[in-house]
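Just so you know, the sequences run in chain order A and B. Under the UniProt record's numbering, residues 1 to 371 are what the first sequence spells out, in order. Under the UniProt record's numbering, residues 1 to 811 are what the second sequence spells out, in order.
There's no promise every hint is true.
Computed list of lysine-lysine pairs in DSS-like fashion (alpha-carbon distance at most 30 Å, straight line) [stated by the list, open to error]:
| # | chain 1 | residue 1 | chain 2 | residue 2 |
| --- | --- | --- | --- | --- |
| 1 | B | LYS320 | B | LYS352 |
| 2 | A | LYS14 | B | LYS71 |
| 3 | B | LYS320 | A | LYS285 |
| 4 | B | LYS28 | A | LYS14 |
Hints are computed from structural coordinates only; laboratory data are not their basis. Keep in mind it's a predicted model, so treat the numbers as computed, not measured.
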Amino acid sequence: MSVSAVFLLDLKGKVLICRNYKGDVDMAEIDHFLPLLMQEEEDGLLSPVLLHGSVHFLWIKHSNLYLVATTNKNSNASLVYAFLYKLVEVFTEYFKELEEESIQDNFVVVYELLDELMDFGFPQTTDSKILQEYITQEGTKLEVAKSKVPTTVTNAVSWRSEGIKYKKNEVFIDVIESINVLVNANGSVMSSDIVGSIKLKTMLSGMPELRLGLNDRVLFALTGRDKGKTVTMEDVKFHQCVRLSRFESDRTISFIPPDGESELMSYRINTHVKPLIWIESVIEKFSHSRVEIMVKGGKEFLMRAHFGLPSVENDELEGRPPITVNFEIPYFTVSGIQVRYMKIIEKSGYQALPWVRYITQSGGKQLNIFI
Amino acid sequence: SVNTQYFIFELKAELNSDKKEKKKEAVKKVIASMTVGKDVSALFPDVVNCMQTDNLELKKLVYLYLMNYAKSQPDMAIMAVNTFVKDCEDPNPLIRALAVRTMGCIRVDKITEYLCEPLRKCLKDEDPYVRKTAAVCVAKLHDINAQLVEDQGFLDTLKDLISDSNPMVVANAVAALSEIAESHPNSNLLDLNPQSINKLLTALNECTEWGQIFILDCLANYTPRDDRESQSICERVTPRLSHANSAVVLSAVKVLMKFMEMLPKDLDYYGTLLKKLAPPLVTLLSAEPELQYVALRNINLIVQKRPEILKHEMKVFFVKYNDPIYVKLEKLDIMIRLASQANIAQVLAELKEYATEVDVDFVRKAVRAIGRCAIKVEQSAERCVSTLLDLIQTKVNYVVQEAIVVIKDIFRKYPNKYESVIATLCENLDSLDEPEARAAMIWIVGEYAERIDNADELLESFLEGFHDESTQVQLQLLTAIVKLFLKKPTETQELVQQVLSLATQDSDNPDLRDRGYIYWRLLSTDPVAAKEVVLAEKPLISEETDLIEPTLLEELICHIGTLASVYHKPPSAFVEGSRGVQHKRIPIRSGSSESQDTGGAPGATEAPAAVIPSQGDLLGDLLNLDLTPPTSTAGAPPGPPMPMGGMDLLGGGLDSLMGSGFGAPAAVMPSSLNAPVGGGLGDLFDLGGGVGMPMGTFVPPKTLWLPAMKGKGLEIMGTFARRAGVIQMEMTLTNKAMSVMTDFAIQFNRNSFGLAPAGPLQVPTPLSPNQTIDVSLPLNNGGPVMKMEPLNNLQDPCVKKGFYFVCSRFK
């Protein structure tokens with residue numbers, strides 16, 4: 001069910017660092033990984049799982065690295081990928097950038113982390129904030145203060161340490177929405193949805209209990225209130241800290257937040273959205289060596305571009321990459337979602353201020369260029 | 001080399017330095033060299049000497065070194081044992097845990113015995129961090145020495161940890177027990193009962209995301225006692241669907257999909273649960289591409305098991321420009337599975353766009369998908385065909401070829417409807433260079449030879465390079481020309497003779513030769529029968545293609561999220577040593593009538609292949625030759641038994657059929673081939689189930705169908721026979737188990753021939769140990785038909801092998 005070993009490879013397939021967790025797969029098997037990958041890529045059959053004999057390679061790519069897990073059992077594949085991405089997250093928090101050089105420069109810490117993050121193929125503590133309390137870059141001297149396992153590691157609240165102190169208690173709430181619109185070549189909207197997330201920057205002392213109130217339609221229906229505009233969230237995903245069974249029973253979002261920055265929740269809304277920005281484009285091919293692309297943007301912009309091209313033509317069909325539009329609209333959410341309240345209760349009874357910001361961003365907006 | 005020796009020598013000195021900092025730096029250098037693959041095992045004693053230190057980082061490095069080299073130096077590794085044992089009693093829990101964790105990773109037998117006492121203490125440690133580490137260590141030790149773990153009673157201690165007050169300890173204990181149970185499938189280690197389940201569900205709310213996955217995966221192995229318990233577990237698992245970690249979500253989906261089966265379908269809660277499953281599945285598609293891929297492979301299973309969950313979610317499977325190819329292909333597959341009359345217009349519009357993309361593999365699959373739509377949604381067939389014709393007009397080579405392959409299937413699904421497009425297809429004959437497309441085109445020409453004026457020319461053009469063609473094309477060409485000959489005998493005698501001789505004399509391929517001989521013999525002995533057989537009406541193909549066989553689907557549902565669900569193969573197919581492991585099954589609601597879901601495939605044809613009524617004189621008429629047909633052909637032809645030998649192969653039939661001037665090809669047929677040809681033909685007619693060809697019935701000897709090891713002690717040998725016009729399944733059942741067997745039942749999976757039991761299975765019970773009995777089960781072919789992989793073989797009656805037939809669910 002679990003992973004046998006984890007490897008970090010450079011783009012040439014050379015092992016930078018690895019950890020053998022179970023010893024049931026020959027570590028030399030990794031030599032087959034890159035040739036296999038290249039073969040599959042050539043055949044156009046590339047898949048996130050490669051098989052060599054009885055060894056399965058589950059891999060992801062991050063900057064100039066491959067992160068590969070091997071197994072010869074019927075492992076939980078989604079767990080393995082989620083873990084590999086978690087590795088990326090933890091290493092990135094430790095080294096700012098995760099790439100070949102940062103691995104080579106920090107191999108001692110990487111070994112230490114690999115030892116702590118997984119045991120016998122089972123993922124263990126993977127919260128980088130907590131890890132940083134007892135796996136430090138400088139090396140730990142066995143002084144009394146640091147010789148303890150942070151109780152957080154095995155606490156039910158495994159994401160927040162005790163004894164955090166701030167002079168001024170504040171929490172910043174960012175509601176960020178992005179719109180995904182799929183438009184076909186005829187200009188009609190095929191599908192659209194809103195993906196939103198609520199991010200927190202928590203600067204609160206002690207172990208505060210927070211409750212977040214949104215204008216959630218299901219909640220309003222449950223409580224029988226009907227005040228103003230509500231939104232229907234199609235699906236909601238929460239950070240580990242939110243009490244899921246509580247939300248399931250009465251739609252209350254209650255939690256003890258992680259310290260500092262975190263994503264509290266994400267949601268998806270399936271409403272039909274009119275594209276905020278509309279773009280048309282025309283490509284004209286005048287001759288072998290001149291192409292004109294005209295892009296007409298929603299309200300203000302018109303771009304006309306000429307390309308003088310070498311008169312060599314490609315036999316192959318040209319792709320029609322979509323035009324991606326990046327934009328950001330502050331103080332506005334498309335869905336109309338609102339933070340109605342954020343209640344903060346801590347046993348010391350301090351007053352804390354919640355600050356809310358709304359932002360709408362471009363998501364995976366897609367437009368096909370009309371030829 | 002000298003350099004390396006010097007390097008080692010220098011490190012040795014540094015490792016033995018008095019200065020702590022220098023020591024630590026030296027160990028770092030050793031680890032660095034180890035990391036880049038240098039052999040630093042020579043430094044073993046020196047590194048181990050550094051083990052006793054109060055510097056945690058240094059200790060970790062030394063432990064790391066030990067894990068790597070202990071196996072190659074087992075005797076030296078013993079040196080480290082004392083320090084390990086001491087560290088396991090260190091006041092610092094970090095060190096205790098580190099020691100017990102590392103000791104478990106040193107896979108040296110001699111060390112394991114020293115591990116037992118420290119491990120026992122750590123399992124009862126006051127600090128949960130140490131206990132959770134010790135729990136995993138039991139699994140490690142079990143992997144090295146299972147007997148030791150059992151003798152020491154560690155398994156019981158591990159089971160006790162399921163009731164630990166700390167959720168992380170519970171989660172790791174569950175993970176360790178599951179791991180151990182995997183290698184001991186019958187050990188009943190995870191003795192799950194309502195009390196322990198309750199403990200797990202409580203820990204589920206409090207442990208880390210990974211712990212939640214261990215617990216959910218473990219829960220999925222439990223069989224609830226009744227629907228009430230099933231519902232209460234579902235209710236407590238459902239909140240996990242809102243977890244941000246995709247793996248938690250998929251494991252929760254697994255538990256729900258499995259336990260749902262036990263709920264009464266008319267229960268309100270059942271409907272609620274169905275509705276709750278869709279949104280999280282859709283959200284999985286916004287995860288990282290690899291996780292999306294796993295999700296899509298699983299959604300593919302879920303859609304087959306419970307199509308109602310995602311039937312309104314078609315749009316989310318529309319392909320995005322920047323999706324990786326593996327995601328695109330999976331989405332396409334699910335789109336087809338969800339296609340229905342309600343959404344077909346949208347689907348087709350999308351597919352048409354995909355077919356103009358640049359990625360060849362994706363385009364091919366999109367074209368195929370259009371064909372599958374036509375077959376699945378009858379109302380859309382016309383639109384699909386015209387879309388395919390548009391695509392053929394693009395003249396993009398691989399698009400044309402794919403289109404022709406799918407149009408062949410459309411013809412088979414809707415006979416006599418779209419043949420007007422044949423002319424367009426024929427125009428593209430020359431551009432076809434892939435075997436599958438060539439074979440499809442040849443099949444079309446042969447099948448509709450009477451409508452294609454120059455069919456003989458077209459087929460003849462393929463004949464030139466006959467031996468360079470792939471087997472698939474050769475077989476199709478042979479059949480197509482025989483069809484052509486039976487339809488237009490006068491102009492094509494030479495052609496048929498040519499192909500028969502190419503197939504039987506010049507080919508090394510036994511399949512091709514056999515098929516050639518069968519046709520030859522058919523044509524020569526009984527042209528009427530030949531026509532009945534070769535031009536028989538084909539069974540319609542079913543709507544759904546590529547469906548996973550129901551028992552496998554059930555098993556895969558139990559493995560949601562795992563590699564098995566990604567490969568769509570049972571774990572026994574790719575995990576070594578798992579042969580004897582029980583296949584997972586979904587528990588069925590007791591007293592439920594819905595367990596018979598293997599039958600009644602939607603859209604499966606009901607009637608078996610209907611055979612064209614015997615028209616004895618027709619052939620003679622067609623031939624327009626002045627001769628009498630070789631046999632009297634009024635009605636069914638109860639003629640003399642067919643000779644089994646090969647001497648008559650070129651006998652009067654073909655000769656007289658052809659009239660004078662037609663020299664029989666001088667085929668030299670090795671005598672050893674005779675019997676198989678006869679036998680194969682025998683099979684052939686039996687299978688046809690309607691062409692009442694009287695002949696010595698050939699019953700193949702019984703073969704082993706189910707070894708006792710797989711059948712929980714029941715061994716089954718069997719064969720099929722045709723007795724008095726009834727197909728019989730004849731079996732010898734042997735009880736090789738220690739206990740008496742009762743209550744036999746049999747269920748047939750859908751199969752290519754629509755075979756189903758004509759009555760219940762009668763087994764005189766009880767069957768005592770070592771007792772053997774013969775039973776015979778009459779069959780008819782009124783069951784549902786499912787298209788199976790070797791269908792090509794079935795289209796023409798030249799099947800000798802490939803009798804695909806699955807019997808399952810012996811209870």
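Going straight from one Cα to the other, do LYS14 of chain A and LYS71 of chain B come out at no more than 30 Å? holds (24 Å)
Has the given pair, LYS28 of chain B with LYS14 of chain A, been kept, meaning a C-alpha gap of at most 30 Å? holds (21 Å)
LYS320 of chain B and LYS285 of chain A were given as a pair; does the straight-line alpha-carbon distance stay at or below 30 Å? holds (26 Å)
Hint check: LYS320 of chain B vs LYS352 of chain B, CA-CA at most 30 Å. Holds or violated? holds (14 Å)
Figure legend: structure checked against the earlier numbered hints; every hint is met.
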